[in-house]
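Participant: With chain A fixed as given, assemble chain B onto it according to the hints.
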Amino acid sequence: MRAPEIGERKAVISGVGQSQIGRRIYRDPLDLTLDAALAAIADAGLTRDDIDGLATYPGNMKTPPGFSGVGITEVHDALRLELNWYAGGLEAPGQLGSVVNAVAAVATGLASHVLCFRTVWEASAQGDQGRAAVTTGGGGGGNYRATDFMQWTLPFGAPSAANWIGMMAQRHFHEFGTTREQLAQVALNGRRNAARNPNAIYRDPMSLDDYLSVRMVSTPLCLYDCDVPADGSTAVIVSRSDAAPDLRRPPVRIEAVGTALRGRPSWDQFDDLTTMATRDAAAMMWERTDLTPVDVDVAELYDGFSFITLSWLEALGFCGHGDGGPFLEAGRPMVGGGELPLNTHGGQLSAGRLHGYGFLHEACMQLWGEAGERQLDRRPEVAVAAAGGGPLAASLLLTT
Amino acid sequence: MTGDASPRPFRVLPAVTPDNEHFWTGGADGELRFLRCGACRYWIHPPAPICPSCLSRDVQPDAVSGRATVHTYTVNWQPWYPNLDPPYVVAIVELPEQAGLRLTTNIVGCEPDDVTIGMAVQVLFEDWDGVWLPFFEPTAEAWS
Chain A
1 MRAPEIGERK
11 AVISGVGQSQ
21 IGRRIYRDPL
31 DLTLDAALAA
41 IADAGLTRDD
51 IDGLATYPGN
61 MKTPPGFSGV
71 GITEVHDALR
81 LELNWYAGGL
91 EAPGQLGSVV
101 NAVAAVATGL
111 ASHVLCFRTV
121 WEASAQGDQG
131 RAAVTTGGGG
141 GGNYRATDFM
151 QWTLPFGAPS
161 AANWIGMMAQ
171 RHFHEFGTTR
181 EQLAQVALNG
191 RRNAARNPNA
201 IYRDPMSLDD
211 YLSVRMVSTP
221 LCLYDCDVPA
231 DGSTAVIVSR
241 SDAAPDLRRP
251 PVRIEAVGTA
261 LRGRPSWDQF
271 DDLTTMATRD
281 AAAMMWERTD
291 LTPVDVDVAE
301 LYDGFSFITL
311 SWLEALGFCG
321 HGDGGPFLEA
331 GRPMVGGGEL
341 PLNTHGGQLS
351 AGRLHGYGFL
361 HEACMQLWGE
371 AGERQLDRRP
381 EVAVAAAGGG
391 PLAASLLLTT
Chain B
401 MTGDASPRPF
411 RVLPAVTPDN
421 EHFWTGGADG
431 ELRFLRCGAC
441 RYWIHPPAPI
451 CPSCLSRDVQ
461 PDAVSGRATV
471 HTYTVNWQPW
481 YPNLDPPYVV
491 AIVELPEQAG
501 LRLTTNIVGC
511 EPDDVTIGMA
521 VQVLFEDWDG
531 VWLPFFEPTA
541 EAWS
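In the order they appear, the protein sequences are chains A and B. Numbering-wise (this note's numbering), the first sequence opens with residue 1 and increments by one. Numbering-wise (this note's numbering), the second sequence opens with residue 401 and increments by one.
So that you can see chain A by itself, here it is in the shape it has in the complex (with noise of 0.2 Å):
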């Protein structure tokens, strides 16, 4: 069904900004945003005063350590914004469900410009630790006690999410014949991109054979199918579309959004789990637009585990279910017959774990023209940004 009224396009984005980027940089979290809020707001050509509304994921969370650590009132209170609109939390379509909640509330007029920030400092919180460091109810000491949905997993020893995104490649393995070769090449393509970009933190180059020696994590994902944990700050400012002659340059139109979860909230529940909510927020996506797969010229797609861009590929119906592997394999043709340039700044595996922000960033970026070594020959006019996996899933559909 149609929905009566498409309100996204009241909204635009008006401007980015990211922190310094790194492993271990040891900086605080709140002076990270606050780089990243500072570039976005003067990228949009505004000021501190023209901010009204803020917006983050996951708000303020002291664990697991490294998560997030800043929230909505410490930017609000630095910046000592006059906010007419605010919202920041965990309970939302994945990462970019954020600035989702800004698009909404300024195609309502809750809000004219709307700070969203989306901050990680996990390289630093795990030190010379290494990833047990900050597992949850990890180190074997405490009385901590697993509830919610961590109940049914972390008595299992299966307290990450590489062990969760495991068992789906390996059901979508089972059913589909997928390989380990299909899915090195989300690992290679981000690897080959991240070599033009100056912020990426790997950037040497990666063979299928380094893959296929590289150590196991959780079967079928092995480290390189697992995004690098970083420290850094990305922001995003969403305008009102009104607002344009405002801006610094023509601003980012929002064609579409996708925020559907249709499926049960969980990430052993889910009816399919060779499929994810990527599946619910593409296909609501593409009923909120007439564009389609084939007029999509750049896909900046989730990589916190490679198997989640194989899962964003076929949700957005650039291949096939299930086809996920071969269209790989083949060396990214899109549907059509051209060609779909993906994850243009190396994606989490190798720019670092920016937590879906870092996707977002990149699109507007080729969208403007403004990506540097990286720019894509053509500049794209369309653009996705998807973030999220297994239950936690949203997208949004560019424009210039």
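Derived from the structure by calculation, the hints contain no laboratory data. Any given hint might turn out to be false.
[As the list claims (entries may be wrong)] Derived coverage of chain A by chain B (criterion: at least 3 residues anywhere in the stretch with Cβ under 8 Å from a Cβ of chain B; other residues may be distant): (1) 51-61; (2) 129-136; (3) 152-160; (4) 207-217.
[Unchecked claim] Away from chain B, derived, C-beta distances all over 10 Å, residues of chain A: (5) K10; (6) H76; (7) E91; (8) M167; (9) M168; (10) P245; (11) L261; (12) D268; (13) H321.
Think of the CB as a built atom: it goes at the ideal place given N, C-alpha and C, for glycine as much as any other residue.
Facilitator: Just chain B now, kept in the frame of chain A:
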């Protein structure tokens, strides 16, 4: 999964509450229990005080057979917890009592490489300080 010579692995245990104790303590009686609708007999997992099928509020614990098939699995190689040494198999098993009635568990009693999707397994329990963790092991008997 424990040997006499090695220290017991660390496992995060669930917080047992009135809502979930049927699941986490049923193993004391050798039973794998889920909530079930008294009106339409639908099995409910995770627990909720309503039947998601018919919306009846008459839900009570009931025992399943303990049989299952491996719906999917992963061999975990990452050392997450002290003495919980990889590799070990994390699986989602589906119970024959109802399509889609699943739980995450460990497959024990075989080599990780021997686990396959569709494999028939049977529940067994380990007592962890009064929490009876349901694991599954391969069984020669096949069911669907």
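Participant: Now look at each hint and say whether the structure bears it out.
Facilitator: The hints, checked one at a time:
1. 51-61: violated (count 0)
2. 129-136: Holds: 4 residues of the segment 129-136 of chain A have a Cβ under 8 Å from chain B.
3. 152-160: holds (count 9)
4. 207-217: Since three or more residues must qualify, the claim that chain B covers the segment 207-217 of chain A holds, with 3 doing so at under 8 Å.
5. K10: holds, 36 Å
6. H76: Given that every Cβ of chain B is farther than 10 Å from that of H76/A, nearest at about 34 Å, it holds.
7. E91: Given that every Cβ of chain B is farther than 10 Å from that of E91/A, nearest at about 17 Å, it holds.
8. M167: violated, 5 Å
9. M168: Check fails; 7 Å does not lie beyond 10 Å.
10. P245: Non-interface label on P245/A holds, nearest chain B Cβ at 51 Å vs cutoff 10 Å.
11. L261: holds, 15 Å
12. D268: violated, 5 Å
13. H321: It holds; H321/A is separated from chain B by about 16 Å at its closest Cβ, greater than 10 Å.
When the structure is compared with the earlier hints, violations turn up for hints 1, 8, 9, 12 and for no others.
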